[in-house]
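Chemist: In this note's numbering, the protein residues as written are 1 to 303.
No lab work stands behind these hints, which were simulated from the structure alone. Virtual Cβ for every residue (Gly too), placed ideally from N, Cα, C. Hints may be right or wrong, so weigh each one.
[As the list claims (entries may be wrong)] Just the calculated beta-carbon pair ranges, DEER-fashion:
id : residue 1 : residue 2 : range
1  : G183      : C78       : 33 to 43 Å
2  : P221      : T194      : 39 to 49 Å
3  : K283      : Q112      : 51 to 61 Å
4  : S64       : E280      : 44 to 54 Å
5  : E279      : C210      : 36 to 46 Å
6  : T7        : K109      : 17 to 27 Å
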Amino acid sequence: MRWLELTAQVESSEAEAVAEVFGRFGYGGVAIEEKAIWGCEDEAPFPNQKRRATIRIFLPIDNSLAKKRRELEEALTCLALKNPIKLFPCEIDEQEWGTAWRKHYKTLKVGQRLFIKPSWEDYKATADQVVVELDPGMAFGTGQHATTRLCLVALERYLRPGMAVLDLGTGSGILAIAAAKLGASSVLALDINTAAVEVARSNVQANGLCDLVTVEEGTLPRDEATGRGSFDLVTANIVADVIEELADSLVSTLKAQGILIVGGIAWGRLDGVIARLEEEGLKIIEVLAEGEWRTVVAQAKES
1 MRWLELTAQV ESSEAEAVAE VFGRFGYGGV AIEEKAIWGC EDEAPFPNQK
51 RRATIRIFLP IDNSLAKKRR ELEEALTCLA LKNPIKLFPC EIDEQEWGTA
101 WRKHYKTLKV GQRLFIKPSW EDYKATADQV VVELDPGMAF GTGQHATTRL
151 CLVALERYLR PGMAVLDLGT GSGILAIAAA KLGASSVLAL DINTAAVEVA
201 RSNVQANGLC DLVTVEEGTL PRDEATGRGS FDLVTANIVA DVIEELADSL
251 VSTLKAQGIL IVGGIAWGRL DGVIARLEEE GLKIIEVLAE GEWRTVVAQA
301 KES
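Let's have the full structure, built from the sequences with the hints guiding it.
Modeler: Below, the structure is given as structure tokens:
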């Protein structure tokens with residue numbers, strides 16, 4: 001079988017939305033390659049500087065190709081982005097495909113101790129390192145994008161052993177798995193996308209964490225997850241609009257002095273998200289930045 005590699009060049013702020021659409025159609029996951037990555041604790045040299053990302057997927061060349069490509073282009077058009085997305089095609093054979101999509105996924109260090117690795121790579125971890133094994137699938141979150149990295153850094157800083165954790169919009173399950181490996185006593189991972197739930201469950205199983213991490217299809221509010229005092233730490237790597245919309249539900253899940261980590265926030269939306277969280281009574285304790293992206297860490301009141 002031959003394969004069609006499709007790539008698109010987009011602004012970094014658009015990468016997450018485009019990758020989600022790509023993930024509905026591609027095989028072997030979605031590769032995101034960003035240029036000029038700044039450190040997690042550094043600002044971009046100019047806040048309004050436009051950074052670029054390359055999004056890449058593979059489609060089998062068969063009788064359904066034309067239909068899938070047309071549906072992909074229609075879905076991208078529906079995003080109504082400022083600049084139309086141009087797809088760049090390249091045909092490769094089966095042998096090339098077997099290695100081509102894998103070359104975009106390498107073991108990645110995030111923060112001080114976290115390492116994200118695909119199953120086919122060997123990595124000898126030291127005693128103090130935390131390794132998350134994650135195969136790319138049709139779900140967002142491989143550690144390649146700034147939004148995921150920032151949330152992982154925040155998790156490493158604020159999660160304490162024994163915490164009960166909620167991960168809203170789990171995608172590939174990367175944050176839920178990292179939380180469990182960093183010492184959480186239990187993790188509930190939620191996503192509204194059926195395919196993401198399947199991918200996350202597979203990744204949880206591959207990491208041997210089925211006894212600690214529960215993956216379910218759904219979102220907030222939920223009867224069993226909305227009572228105050230349910231979780232010590234809540235993560236939501238989604239988008240600003242949804243964070244603002246669900247702020248009251250997110251806050252209601254936190255224990256007294258519980259930690260909320262929210263990512264997927266473009267720099268231009270930061271003030272609005274902070275205002276909404278403060279409106280719900282949270283104290284902002286840190287804002288992490290990488291390029292155009294921001295992750296906010298906030299804390300609930302004592303009681």
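Chemist: Next, verify each hint and record whether it holds.
Modeler: Hint check results:
{"no.": "1", "hint": "G183 with C78: 33 to 43 Å", "result": "holds, 41 Å"}
{"no.": "2", "hint": "P221 with T194: 39 to 49 Å", "result": "violated, 20 Å"}
{"no.": "3", "hint": "K283 with Q112: 51 to 61 Å", "result": "violated, 25 Å"}
{"no.": "4", "hint": "S64 with E280: 44 to 54 Å", "result": "holds, 46 Å"}
{"no.": "5", "hint": "E279 with C210: 36 to 46 Å", "result": "holds, 38 Å"}
{"no.": "6", "hint": "T7 with K109: 17 to 27 Å", "result": "holds, 26 Å"}
Of the hints listed earlier, those the structure fails to meet are numbers 2, 3, in rising order.
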